[in-house]
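**Student:** In case you want the letters, here they are:
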Amino acid sequence: KQEVTQIPAALSVPEGENLVLNCSFTDSAIYNLQWFRQDPGKGLTSLLLIQSSQREQTSGRLNASLDKSSGRSTLYIAASQPGDSATYLCARQGGSEKLVFGKGTKLTVNP
Amino acid sequence: DTAVSQTPKYLVTQMGNDKSIKCEQNLGHDTMYWYKQDSKKFLKIMFSYNNKELIINETVPNRFSPKSPDKAHLNLHINSLELGDSAVYFCASSRWTGGIFSGTEAFFGQGTRLTVV
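Protein sequence lines correspond, in order, to chains A and B.
Each residue of the first sequence is one higher than the one before, counting from 1 in our numbering.
Each residue of the second sequence is one higher than the one before, counting from 112 in our numbering.
Extracted from the complex, chain B is given alone in its bound form:
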């Protein structure tokens, strides 16, 4: 069974289009994340949701809008796609510890490679 699954795996689209990436986890976690891996392979947090509430927004352009319909799902919608949005987007999940003392292991999906042409 796939723990964290993302769809689609590949996405090629034209500039200006709107697209969505879906993520689901079956680990029973209550915290989900979106990370972006740029062309230099550097991974950086974009958003984090805990129990459907936004807890981290790392100065991401407002063209990016995450939506969490329930604890097991975190989707990412991107409006007016730009060339610079081309990257691999990773969804992840973990169990929320309230940010005190020790956190827990994070599990990642296989990534969605977005190419904007």
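Isolated chain A (complex conformation):
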């Protein structure tokens, strides 16, 4: 049973475009929603953490929102750059502290 779903699985955009990555989750008992970036052959880099009492978080060109009632989170990337190319993972955290991950969105930003 897939608890966290990320759409699309892959996305290719030209440099400079604004884009939105989607994450949906089935369990409303969510405490945190965390977005990560994973580069090929590398570990996970934490991008943004949205706590359950928050609706959004911003860091530079990144903005993440959380709507618990609809079970959705979005990651907005403004003015995309080739260096943004990576796989973006969302993970929800429930009561047991563990993170439940989606399968990721592979983003390619073309120069």
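No lab work stands behind these hints: they were computed from the structure.
Beta carbons are placed, not taken as given, at the ideal position from N, Cα and C, and that holds for glycine.
Errors might be hidden in some of the hints.
To be verified - To give an idea of the interface, some chain B residues facing chain A are shown, with a C-beta separation under 7 Å as derived from the structure:
(1) F153
(2) L154
(3) I167
(4) T170
(5) V171
(6) P172
(7) P180
(8) E216
(9) F219
(10) G222
Chain B: place on chain A using the hints.
**Tutor:** Just chain B, lined up with the frame of chain A:
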């Protein structure tokens, strides 16, 4: 300074061998985790330790035995390695909140790519 570090980064071994992966964090966190990323890149929790005590064991075969000598270290020992154990294993850490209300940000190591031949 590396926040969460794992060794080795790559591990190639034969079926039936026993191997260990080490993890250390210098963030002062009290909770550490092992996650497995399979060939389809799907990440899933294996174990979690809080203050050296096991709190999560996600039906992982008992050939996998985590050990936490102190809050800053969580090692993973795997006995009788099988082909299906080939994956990338990630260590992570966070600050324990007791599972109520809001949790905290988790930080991951660079991963250990295990290949069983």
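**Student:** Of the hints given before, which are not true for this structure?
**Tutor:** Hints 4, 5, 6, 7 not satisfied by this model.
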